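Peer 1: Put chains B and C on the given structure of chain A with help from the hints.
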Amino acid sequence: MQQPPDAAQQKHIVEIRNVSFGYDAARPVLRDVTLSIPRGAVVGIMGQSGCGKTTLLRIIMGAYLPTSGTARVLGRSTAELDRAGLYAMRRKMGMLFQFGALFTDMTVFQNVAFPLREHTSLPHDLIHDLVMLKLHAVGLRGASRLMPTALSGGMARRVALARSIALDPQLMLYDEPFTGLDPISFGVIVRLIRELNDSLGATSLIVTHDVQEALGVVDYVYFMAAGRVIAQGTPDQIRASDEPFVNQFVNGKSEGPVPFHYPAPEYDTDLELAAS
Amino acid sequence: MPIAALRARLERLGGTVTSHVWRLGFASRFLFYLVVHSGTALRRFRLTIAEVYFAGVLSLVIILVSGLFVGMVLALQGYETLQRFGASESLGVLVALSLVRELGPVVAGLLFASRAGSAITAEIGLMKATEQISAMEMMAVDPIARVVAPRFWGGVLSMPLLAALFSAMGIFGGYLIGVQLIGVDAGAFWSQMQAAVDWNKDILNGVIKSVVFGVAVTWIAVFEGYDATPTAEGVSRATTRTVVTSSLAILALDFILTALMFTGGNGK
Amino acid sequence: MNRSTIDLWVGIFVAAGFAGLLFLALKVGNLASFSLTQTYYQVQAKFGNIGGLKVRAPVKSAGVLVGRVADIRFDNESYEAIVTMNIDTAYQFPRDTAAKILTSGILGEQYVGLEAGGDGVMLKNGDRLRLTQSAVVLENLISQFLFNKAAEGKEPAK
Numbered sequence: 001m002q003q004p005p006d007a008a009q010q011k012h013i014v015e016i017r018n019v020s021f022g023y024d025a026a027r028p029v030l031r032d033v034t035l036s037i038p039r040g041a042v043v044g045i046m047g048q049s050g051c052g053k054t055t056l057l058r059i060i061m062g063a064y065l066p067t068s069g070t071a072r073v074l075g076r077s078t079a080e081l082d083r084a085g086l087y088a089m090r091r092k093m094g095m096l097f098q099f100g101a102l103f104t105d106m107t108v109f110q111n112v113a114f115p116l117r118e119h120t121s122l123p124h125d126l127i128h129d130l131v132m133l134k135l136h137a138v139g140l141r142g143a144s145r146l147m148p149t150a151l152s153g154g155m156a157r158r159v160a161l162a163r164s165i166a167l168d169p170q171l172m173l174y175d176e177p178f179t180g181l182d183p184i185s186f187g188v189i190v191r192l193i194r195e196l197n198d199s200l201g202a203t204s205l206i207v208t209h210d211v212q213e214a215l216g217v218v219d220y221v222y223f224m225a226a227g228r229v230i231a232q233g234t235p236d237q238i239r240a241s242d243e244p245f246v247n248q249f250v251n252g253k254s255e256g257p258v259p260f261h262y263p264a265p266e267y268d269t270d271l272e273l274a275a276s
Numbered sequence: 277m278p279i280a281a282l283r284a285r286l287e288r289l290g291g292t293v294t295s296h297v298w299r300l301g302f303a304s305r306f307l308f309y310l311v312v313h314s315g316t317a318l319r320r321f322r323l324t325i326a327e328v329y330f331a332g333v334l335s336l337v338i339i340l341v342s343g344l345f346v347g348m349v350l351a352l353q354g355y356e357t358l359q360r361f362g363a364s365e366s367l368g369v370l371v372a373l374s375l376v377r378e379l380g381p382v383v384a385g386l387l388f389a390s391r392a393g394s395a396i397t398a399e400i401g402l403m404k405a406t407e408q409i410s411a412m413e414m415m416a417v418d419p420i421a422r423v424v425a426p427r428f429w430g431g432v433l434s435m436p437l438l439a440a441l442f443s444a445m446g447i448f449g450g451y452l453i454g455v456q457l458i459g460v461d462a463g464a465f466w467s468q469m470q471a472a473v474d475w476n477k478d479i480l481n482g483v484i485k486s487v488v489f490g491v492a493v494t495w496i497a498v499f500e501g502y503d504a505t506p507t508a509e510g511v512s513r514a515t516t517r518t519v520v521t522s523s524l525a526i527l528a529l530d531f532i533l534t535a536l537m538f539t540g541g542n543g544k
Numbered sequence: 545m546n547r548s549t550i551d552l553w554v555g556i557f558v559a560a561g562f563a564g565l566l567f568l569a570l571k572v573g574n575l576a577s578f579s580l581t582q583t584y585y586q587v588q589a590k591f592g593n594i595g596g597l598k599v600r601a602p603v604k605s606a607g608v609l610v611g612r613v614a615d616i617r618f619d620n621e622s623y624e625a626i627v628t629m630n631i632d633t634a635y636q637f638p639r640d641t642a643a644k645i646l647t648s649g650i651l652g653e654q655y656v657g658l659e660a661g662g663d664g665v666m667l668k669n670g671d672r673l674r675l676t677q678s679a680v681v682l683e684n685l686i687s688q689f690l691f692n693k694a695a696e697g698k699e700p701a702k
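Chains A, B and C, in that order, are what the protein sequence lines are. Residue 1 is where the first sequence starts when you use my numbering, and the numbers rise one by one after that. Residue 277 is where the second sequence starts when you use my numbering, and the numbers rise one by one after that. Residue 545 is where the third sequence starts when you use my numbering, and the numbers rise one by one after that.
Hints were generated in silico from the structure; no laboratory data involved. The model shown is predicted, which means the values in this text are computed figures rather than measured ones. Misleading hints may appear alongside valid ones.
[As the list claims (entries may be wrong)] Which residues of chain A face chain B? A few of them, derived with a C-beta cut under 8 Å, are:
1) Met61
2) Arg91
3) Phe97
4) Ala101
5) Phe103
6) Phe114
7) Pro115
[As the list claims (entries may be wrong)] Computed spacing ranges between beta-carbons, pair by pair:
8) B/Glu378 / C/Gly649: 24 to 30 Å
9) C/Leu570 / B/Glu378: 18 to 24 Å
10) A/Thr70 / B/Trp298: 30 to 36 Å
Backbone N, C-alpha and C fix where the C-beta goes; we use that ideal spot for every residue, glycine too.
Okay, chain A solo, but in the shape it has when bound (with noise of 0.2 Å):
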């Protein structure tokens, strides 16, 4: 599974270059957003729920195309690729899903072996073998027969992550994947995004809310509201940042650019006390 070496020359291996996108034209969720992420890096992409984080995870994996602007991954413009195309691309990429969308009929060992029997032509034994390293690398070789029901969730996350990583991903992507998980089973997470990252010589990109976990594990941040990156930097200078969404959301504020009280009348209105 040797990767192909122009590949190998990119500095950055995703580029988003003023990329507007929105599901129907009236309502757009990404307003001209910009930022790259360099090759070896682990990367972070913040902000609150519906700031269109994760739609730009499915533009960098292809599944939408921008309305305006491009999105160059591994070399090529996601607009330019046709199916084909776009499945080779994906070839080199691995995806964790939220809470892992492992493939339920199937057994763990069948979960980690699915890319390799679907891509490769290798024979049985080595495929055993690689799903065997591949389980190894998230701790969880002796659960290979379990099935994906009898996984806690933590279990079920790792497990995803030795599929995506199945194929020695170049690029891997993260949709929120410290999510409703224990301090335990988050330590293992963080430990293993790092651990990946570095022995395939890939590049991680991280989205996520939680902030003070993230923060610990990336190189690079990018933080966005409402469709934009507002703000950018390493891991200490947003901590330091004096942004004010950024401040909130760090610090974990309940008041600040982003108020308590979702918009509403009156409150002397709604309970009929004003005298008209």
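Peer 2: Same frame as chain A, but now just chains B and C:
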């Protein structure tokens, strides 16, 4: 009724019809794509065989039991009426023709839609809701070729076999009641049946019907599953739509096919 | 449920399905009898009125099925119906065989009945039967009956 309200209703009606037509077009393109990309389902026949198991084998019990009961009831009801005209020896003809021409394909189709069709829709819908379909797409595997196509061909292959088994069981049930219980002459039962049931006209037409129904039901089932809203409520609604739409489609197609096969071309 | 068990059950299912189909074909339908693979020869007969005879109607002799009606046409010169029949090569009939259009039961379907003659020479492919009897048309029968009744009624009056 004020003009504005009437107009609003008409607009809604037009909108509903348009959206149904649009959806039918979408479903047709889906079917075309599915058939064109059936290479994986045929090359890796194991996948399709697994689906024949889930759709066909697991429906065997309900099909066989229902067939038996339908045949038995046909014999009871048929005898009751025939013996008034002194034609009780034609009981075999009645049971066989009713089953082979109509009840076999139609009732087996309806049962298949409820049992296997809804299961297929729920399965595909849930895979969509739990992001398994997206995960597959991300792993550069075409989910339609890998997940949908085997289920489609599994259903199409199972349906004619189930209909034939339904009819066979029904005739056996009719024999049990008619000959063993009621006492119609066994010889007359079988011989009149053999004289009246034609391989081309009746049995083959019944098989053609069941193939058409199989295609219709499975197409609807896989489409509704793939198109379901990825929430629990969405999957439940999609499953209901599968059963309702399949049942209506079977009955409508049955009418069209019967009109084509059994009435037109009535001798020179 | 492992792979080989699934394969086994699917195999059983498909075998059972085909067995059911076979049962229908042989025991229920008339596949075993006169149809696909028999060889036949063709003879023609002209009738004044074929009544309700249809293509694929049975051709019987002594009540036994010996063939099927293949084609029915109208002869514009003699204003008669020309019926072409496929007869199983296993059965040979003399040249002076008569063909009648008969009805199964009282109100059943119509078929061609062959009554063998005594000629030494047998019918060949393409021959024509000379002796024919048309179908009984119900209206003619009724008017005949009424006519007879009327004639009877007149006589005592004489």
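Peer 1: Okay, which hints does this one fail, numbers in order?
Peer 2: none
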